[in-house]
Amino acid sequence: MRRLGYLYLALAYGFIFLPVVVLVVFSLQDGRLPVPPFQGFSLRWYGKILSDRGLMTALGNSAAVAGVSSGVALVLGFLAAHGLARVRLPGSVLMRGVLIAPMTVSYLIIGLGLLTLFNQMGVKPSLWATGIGHVVINLPLCFAICFAAMGDHQKSAERAARDLGASEMRVLWHVSAPMLAPALGAAFFLSVTFSWDEFIIAFLLTRFDVTLPVEIWSMLRSGLSPATNAIGSLVFLASALVVIALEALFRRSK
Amino acid sequence: MSDERRLALALVSPALLWTLAFFAVPFAAMLLLSFAHMEGRTVVQGLSLANYAKALGEPSHLKALINSVEITVTVTVVSVALAWPLAATIAWSVPARWQRAALLMAVLPFWTSYVVRSYSWALVLGKNGVVNQAFGAVGLGPFELASTRFATVLGFTHFFVMLLTLTIYANLIQLSPNYARAAQDLGAGRLRTLWHVILPLTLPGIVTGAFVTFVLCIGDYITPQILGGNTELTLPQLIMLQMGRGGNFPMASALSVILMAVVTLAYAASARWLRLDRL
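Going line by line, the protein sequences match chains R and Y. Here my numbering is used: position 69 in the first sequence is 69, and no number is missing along the way. Here my numbering is used: position 35 in the second sequence is 35, and no number is missing along the way.
Hints in this document: simulated from the structure, not taken from any laboratory. Don't take every hint at face value.
Stated by the list, open to error - Okay, the calculated beta carbon distance ranges per label pair:
(1) Ala-64(R) <-> Glu-144(Y): 25 to 31 angstroms
(2) Lys-48(R) <-> Ala-53(Y): 40 to 46 angstroms
(3) Ala-271(Y) <-> Gly-31(R): 52 to 58 angstroms
(4) Glu-144(Y) <-> Arg-251(R): 34 to 40 angstroms
(5) Leu-20(Y) <-> Ser-126(R): 34 to 40 angstroms
(6) Ala-53(Y) <-> Phe-38(R): 42 to 48 angstroms
(7) Val-107(Y) <-> Ser-92(R): 31 to 37 angstroms
(8) Thr-231(Y) <-> Ala-64(R): 34 to 40 angstroms
No residue lacks a Cβ here, since even glycine has one placed at the ideal position from N, Cα and C.
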């Protein structure tokens with residue numbers, strides 16, 4: 001039984017890693033096409049993408065949109081979770097439902113809805129518009145994570161602080177936020193990941209300044225190239241390093 | 001209203017307002033637009049059901065909906081069937097101190113860019129790709145693998161196996177081993193224990209993961225566009241086509257509302273076991 005398990009594990013890992021291995025290997029291709037046979041080792045495609053102005057601008061745009069939109073989503077989500085966790089309001093179930101609702105809707109529809117609205121209001125597509133869309137998709141996530149992390153011992157710590165005369169702002173900043181730090185970190189990290197990688201909303205809501213996935217998309221239209229492999233590998237290696245570093249950090253703190 | 005309640009409301013309202021302004025209102029605008037029609041290149045608002053009639057009546061449009069549902073159901077079923085044993089192997093066969101590492105490994109490709117991941121499958125499956133070259137080495141093929149429904153399903157499955165492995169593992173690891181022990185003490189064999197005890201207990205994890213898979217899969221434009229080629233259209237591809245070619249926003253809106261309705265049906269079907277707040 002155990003041997004069968006390990007065989008399945010090996011096959012599954014093979015399947016999961018196959019496209020990534022092919023991606024990375026052929027980013028080092030010393031030829032014009034990222035397919036076998038492997039013609040030799042070269043870093044020239046990495047040089048090419050690192051000196052590509054459009055690509056590097058898109059990378060910066062993506063980082064900015066991801067950072068700002070995740071920050072906004074986290075603050076809104078945290079405050080809402082804090083408000084809904086402490087007292088029972090009339091209609092609080094409904095409010096939770098409304099806050100979670102965007103999670104069950106395709107990004108395409110969220111993007112299309114915003115595009116419709118912005119068109120009618122005469123708002124031009126931009127990175128700001130994309131950021132607004134990314135807050136919509138990440139807010140439910142941040143809210144749900146914060147809400148789930150709020151326990152009873154936290155409520156009593158908050159009450160103690162209030163009884164000792166702390167204003168609500170101080171309670172939020174000095175008691176609730178530090179106690180929830182792991183959940184806040186996780187929510188922010190997940191939001192950044194989703195925003196960073198989001199394609200369809202950014203595709204619909206940007207025009208001249210684009211994000212990285214949209215820029216990669218337009219690279220794809222000019223056909224297969226090891227340059228696409230190179231940018232893909234770079235993004236993968238960078239995010240994999242971050243994930244592994246966070247995991248190591250998490251382990252040590254435990 | 002007490003001060004405390006007023007304060008709580010003040011804390012909730014920014015998030016609520018954001019969701020209403022940039023989610024509910026846009027959706028309402030889209031819904032309204034779906035009853036409009038095009039005259040030339042201008043949108044004329046009205047209350048006609050013509051777009052819906054066309055979306056569900058015209059074979060080329062209906063086919064996209066059917067394709068989407070077929071692909072999504074296939075992907076969901078296959079992904080669950082592959083992910084469950086993977087999660088179980090990690091939870092039961094891998095020594096405890098290596099489990100997190102094993103899980104991390106199993107989802108590491110999750111962190112490649114989504115667009116690039118589809119593209120890499122196109123490389124793997126292409127006419128000169130690794131798979132066909134491997135077949136060629138033993139005298140088989142080449143097979144037409146890229147630009148097929150198979151490629152779309154494979155690309156999707158790759159992504160969702162990772163996601164489902166996480167949700168099912170989280171569910172399995174919380175199970176007390178006492179359930180299995182009790183079943184075996186009562187004389188159930190390994191398979192019966194698995195089928196009648198363990199599997200039903202992991203149903204919430206499975207259904208939650210499957211629902212998320214369904215939602216993400218049926219609304220995705222990239223994977224079918226890169227891997228499916230132009231042999232057949234899915235609903236999101238048709239929506240993008242409507243917007244791009246003729247700028248037919250009313251039709252795109254109606255198709256989106258239909259997409260939304262399908263997701264709502266899936267939600268209703270799985271609501272009993274769904275734990276979205278515990279993802």
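Of the numbered hints stated earlier in the document, which are not met by this structure?
Hints 1, 2, 4, 5, 6 contradicted; others consistent.
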